[in-house]
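Student: Using the sequences and the hints, build the whole thing.
For reference, the chains in residue letters:
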Amino acid sequence: MYTLILPETVEVGPVGFSPDEKREAFEKEAIPYLDTVYRVALRLAGDSTQADDLTQETMLKAYKAWHQYKQGTNVRAWLLTILRHTFINEYRREKNRGTTVDITEFEQFTVFHDVQEVDPEGRFFDRIVDDEVLRAIDQLPEEFRECLVLSDIADLSYAEIADVMKVPVGTVKSRLFRARQALQRVLYDYAVEAGYIKRSVR
Amino acid sequence: MTSEPMQVDCKEAAKRLNELIDGELTPEVEETIEHHLKDCARCMAVFEFEEAFCRFVKIKAKRQTAPEGLKERILKELGLSGNSCNE
Ligand SMILES: [Zn+2]
Numbered sequence: 001m002y003t004l005i006l007p008e009t010v011e012v013g014p015v016g017f018s019p020d021e022k023r024e025a026f027e028k029e030a031i032p033y034l035d036t037v038y039r040v041a042l043r044l045a046g047d048s049t050q051a052d053d054l055t056q057e058t059m060l061k062a063y064k065a066w067h068q069y070k071q072g073t074n075v076r077a078w079l080l081t082i083l084r085h086t087f088i089n090e091y092r093r094e095k096n097r098g099t100t101v102d103i104t105e106f107e108q109f110t111v112f113h114d115v116q117e118v119d120p121e122g123r124f125f126d127r128i129v130d131d132e133v134l135r136a137i138d139q140l141p142e143e144f145r146e147c148l149v150l151s152d153i154a155d156l157s158y159a160e161i162a163d164v165m166k167v168p169v170g171t172v173k174s175r176l177f178r179a180r181q182a183l184q185r186v187l188y189d190y191a192v193e194a195g196y197i198k199r200s201v202r
Numbered sequence: 001m002t003s004e005p006m007q008v009d010c011k012e013a014a015k016r017l018n019e020l021i022d023g024e025l026t027p028e029v030e031e032t033i034e035h036h037l038k039d040c041a042r043c044m045a046v047f048e049f050e051e052a053f054c055r056f057v058k059i060k061a062k063r064q065t066a067p068e069g070l071k072e073r074i075l076k077e078l079g080l081s082g083n084s085c086n087e
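Just so you know, the sequences run in chain order B and H.
Okay, so the first sequence: first residue is 1 according to our numbering, each after it adds one.
Okay, so the second sequence: first residue is 1 according to our numbering, each after it adds one.
Careful: at least some of the hints might be erroneous.
The calculated lysine-lysine pairs, modelled on BS3-like cross-linking and capped at a C-alpha distance of 25 Å, are [to be verified]: (1) H/K58 <-> H/K71; (2) B/K173 <-> H/K58; (3) B/K166 <-> B/K64; (4) B/K64 <-> B/K22; (5) B/K70 <-> B/K28; (6) H/K15 <-> B/K173; (7) B/K198 <-> B/K173; (8) H/K15 <-> H/K58; (9) B/K166 <-> B/K70; (10) H/K62 <-> B/K28; (11) H/K76 <-> B/K61; (12) B/K64 <-> B/K28; (13) B/K173 <-> H/K11; (14) H/K38 <-> H/K11; (15) B/K22 <-> H/K15; (16) B/K61 <-> H/K71; (17) H/K15 <-> B/K166; (18) B/K28 <-> B/K61; (19) B/K28 <-> H/K38; (20) H/K76 <-> B/K22; (21) H/K62 <-> B/K173; (22) H/K38 <-> H/K15; (23) B/K166 <-> H/K58; (24) B/K64 <-> H/K38; (25) B/K70 <-> B/K22; (26) H/K71 <-> B/K64; (27) H/K76 <-> B/K28; (28) B/K61 <-> H/K62; (29) B/K61 <-> B/K166.
Covered stretches of chain B (in silico footprint by chain H; criterion: 3 or more residues with CB under 8 Å from a CB of chain H, positions within the stretch not fixed) [claimed, not checked]: (30) 22–28; (31) 53–61.
These are computed hints drawn from the structure, not numbers from a lab.
In this text, a Cβ means the ideal position worked out from N, Cα and C, and glycines have one as well.
Tutor: Here it is in structure tokens:
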């Protein structure tokens with residue numbers, strides 16, 4: 001078997017596919033995930049101008065490389081692999097963007113233990129607005145944020161996330177667990193400050 | 001009916017809650033954890049809390065949509081009509 005290596009700029013469809021068919025397939029299978037790609041781009045890049053560019057570049061690259069997409073595999077995972085690659089190579093310049101929470105300082109305990117007396121169902125979370133949740137996600141260290149975003153925004157499986165991030169599934173599992181735990185803690189502290197829930201004395 | 005399901009303690013169950021929520025357990029392990037939750041009100045309460053939290057995060061983090069101008073720009077660049085833009 002030969003692997004045909006083509007310059008990035010040459011547009012080719014799979015053998016036997018006309019440009020029209022390629023366009024139709026891309027429109028049907030990839031374009032519906034434009035919003036997902038954009039949401040992930042926003043959380044990785046951290047600002048909307050960069051997220052716009054990153055989204056556009058991802059979709060254009062995906063279109064050019066459409067012949068490499070394996071039919072029947074998760075197209076979201078494929079698009080997000082391109083997105084992540086583009087982000088790391090072309091966008092991630094300043095390492096420091098805003099505050100990052102130190103994930104190691106979090107106790108590995110669920111907030112449930114703090115709220116079980118007053119709000120065991122965690123209803124106070126529902127009072128927290130979208131923007132505050134997104135801000136809290138953005139405070140997670142990058143490798144934890146990526147895991148959480150690929151799981152909870154893009155709905156990828158652990159195996160797919162491992163594939164996109166090129167780390168073992170076990171790493172995905174533990175990062176996702178810790179990311180959720182930290183996010184929970186940050187949002188709980190926020191809810192206490194906002195007066196949505198009383199801090200319990202432990 | 002004949003074979004007793006595998007047993008786990010609270011500590012082990014707690015470690016598997018994320019995987020249970022995400023549907024990442026094998027059917028046997030899933031059954032084992034669910035069996036424990038049925039018998040253990042405390043673990044069940046934690047599970048329901050974690051599940052509610054995950055649901056909450058997914059909903060809140062998925063409400064943004066790509067700006068219309070960006071969508072149009074991309075479709076135009078690709079020469080697409082844009083009839084299938086909604087998820
Ligand atoms: Zn238990």
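Student: All hints, please: hold or fail.
Tutor: Hints, verified against the model:
Taken as a hint, the H/K58 and H/K71 pair is honoured in the structure, with Cα atoms around 23 Å apart against an allowance of 25 Å. Taking the CA atoms of B/K173 and H/K58, the gap is about 17 Å. The hint holds against a cut of 25 Å. Taken as a hint, the B/K166 and B/K64 pair is honoured in the structure, with Cα atoms around 23 Å apart against an allowance of 25 Å. Taken as a hint, the B/K64 and B/K22 pair is honoured in the structure, with Cα atoms around 10 Å apart against an allowance of 25 Å.
For the hint pairing B/K70 with B/K28, the CA-to-CA distance comes to about 15 Å; that is within 25 Å, so the pair holds. With a CA separation close to 10 Å, the supplied pair H/K15 and B/K173 stays within the 25 Å bound. For the suggested pair B/K198 and B/K173, the alpha carbons sit about 31 Å apart, so the restraint of at most 25 Å is broken. Of the supplied pair hints, the one linking H/K15 and H/K58 holds, its CA atoms being roughly 21 Å apart against a limit of 25 Å.
Taken as a hint, the B/K166 and B/K70 pair is honoured in the structure, with Cα atoms around 18 Å apart against an allowance of 25 Å. Pair hint H/K62 plus B/K28 holds up; C-alpha atoms about 21 Å apart against a cutoff of 25 Å. Using a Cα cut-off of 25 Å, the hinted pair H/K76 and B/K61 holds, with the two alpha carbons roughly 15 Å apart. For the proposed pair B/K64 and B/K28, the alpha carbon gap of about 16 Å is at most 25 Å, so the pair holds.
Annotation: proposed proximity of B/K173 to H/K11 holds, straight-line Cα distance about 17 Å (limit 25 Å). Of the supplied pair hints, the one linking H/K38 and H/K11 holds, its CA atoms being roughly 15 Å apart against a limit of 25 Å. Of the pairs offered as hints, the one joining B/K22 and H/K15 is violated, with about 45 Å between alpha carbons and a cut-off of 25 Å exceeded. At roughly 15 Å between alpha-carbon atoms, B/K61 and H/K71 fall within 25 Å of each other, so this suggested pair holds.
With a C-alpha separation of about 24 Å, the suggested pairing of H/K15 with B/K166 holds against the 25 Å cut-off. Straight-line distance between C-alpha atoms of B/K28 and B/K61 comes to about 17 Å, which keeps the hinted pair within the 25 Å bound. A hinted pair counts as satisfied when its Cα atoms are at most 25 Å apart, and B/K28 with H/K38 does not qualify at roughly 43 Å. In summary, the hint linking H/K76 to B/K22 is supported, as the alpha carbons are separated by about 15 Å, within the 25 Å threshold.
With a C-alpha separation of about 21 Å, the suggested pairing of H/K62 with B/K173 holds against the 25 Å cut-off. Distance hint between H/K38 and H/K15 is fulfilled; the C-alpha atoms sit about 17 Å from each other, no more than 25 Å. Note on B/K166 and H/K58: the hinted pairing holds, with a Cα-Cα distance of about 23 Å set against a maximum of 25 Å. The suggested pairing of B/K64 with H/K38 is violated, with an alpha-carbon distance near 51 Å, which exceeds 25 Å.
The straight-line distance between the Cα atoms of B/K70 and B/K22 is roughly 13 Å, inside the 25 Å bound, and the hint therefore holds. Under the criterion of a C-alpha separation no larger than 25 Å, the hint pairing H/K71 with B/K64 is consistent with the structure, at around 17 Å. Proximity of H/K76 to B/K28 is assessed by CA-CA distance (about 16 Å); at most 25 Å being required, the pair is judged to hold. Taking the CA atoms of B/K61 and H/K62, the gap is about 24 Å. The hint holds against a cut of 25 Å.
Only pairs whose Cα atoms come within 25 Å are accepted, and B/K61 paired with B/K166 is accepted, the gap being roughly 20 Å. Taking a C-beta to C-beta cut-off of 8 Å, the segment 22–28 of chain B contributes 4 residues in contact with chain H, enough for the three needed, and the coverage statement holds. Proximity of the segment 53–61 of chain B to chain H, defined as three or more residues with a beta carbon under 8 Å from a beta carbon of that chain, is established by the 4 residues found.
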